[in-house]
Amino acid sequence: MSRSILAFAATALVATLPLGACSLFVAPQSPAQALYEVKGDFNAAIVVADAYAGLPNCGPGAPALCRTKDVLDSVRKTADQGKKLLDQASVDLAAYQASAAGVTLATVNADIAAFQATVTTLQGAVATLKVK
Amino acid sequence: MSDSTLTQIAGWAGMALKLAGSVSPLIAAGAAGLQVLEQTAAVISAGQASGQDPTPAQVAAQDAAIASALGKLDKADDEADGA
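Quick mapping for you: the protein sequence lines, in order, are chains D and Z. For what it's worth, the numbering used here labels the leading residue of the first sequence as 1, then goes sequentially. For what it's worth, the numbering used here labels the leading residue of the second sequence as 1001, then goes sequentially.
Honestly, the hints are just simulated from the structure, not real lab data. Hints may be right or wrong, so weigh each one.
Some residues of chain D that are not near chain Z, with every Cβ distance over 12 Å (derived) [claimed, not checked]:
| # | residue |
| --- | --- |
| 1 | A27 |
| 2 | S30 |
| 3 | A51 |
| 4 | Q88 |
| 5 | S90 |
| 6 | V103 |
| 7 | A114 |
| 8 | Q123 |
| 9 | A127 |
In silico lysine-lysine, BS3-like type, Cα no more than 27 Å apart, as pairs [what the hints assert, rightly or not]:
| # | chain 1 | residue 1 | chain 2 | residue 2 |
| --- | --- | --- | --- | --- |
| 10 | D | K69 | Z | K1075 |
| 11 | Z | K1072 | D | K69 |
| 12 | D | K77 | Z | K1075 |
Ideal Cβ placement from N, Cα and C applies to all residues, glycine included.
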């Protein structure tokens, strides 16, 4: 097995392992806990994305483990979208906890679900990072 | 599969790469990601036991970590755009 294939296999294994592990083993019991948990998944995915972003650009003479602009742009776009949804969920959660008019539990849960969907997309993106 | 088992497997994978003479930065990131998830799970588990939500300090720390990670991603992407 070549070093590149071994690196790919091990990288794919380890980069994928954290994804969703938190939500698999811990069930939140309140909207605040649910948002905190999804934020943890979001943070973990970005940590992996950061490592990818720190690689040298792919191209002639580049090492086997390198970054491509298209992938990096896609990951950043998804991460930025996730941050916007996180901010909205945080604002609505605070309003709900303060019993603000017009903000219901359903509103907060919908915000968290939207954030979770984007985090899942981001997790999928970082799980498929590979050796070029 | 428990978190400790996942961590152990991550350790084995890292060791395999060391033996191959090539430690991927993504491996280290995967291990760091596991740490983030373990910390998150610990807060949620404690909350379940006490019936309490994460504290403002815990939320603030998490917000800071996310902001820092996003900042690194934005900076690297900007650098790639300029390369």
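Sort out which numbered hints this structure fails and list those numbers smallest first. 1, 2, 3, 5, 8 and 9
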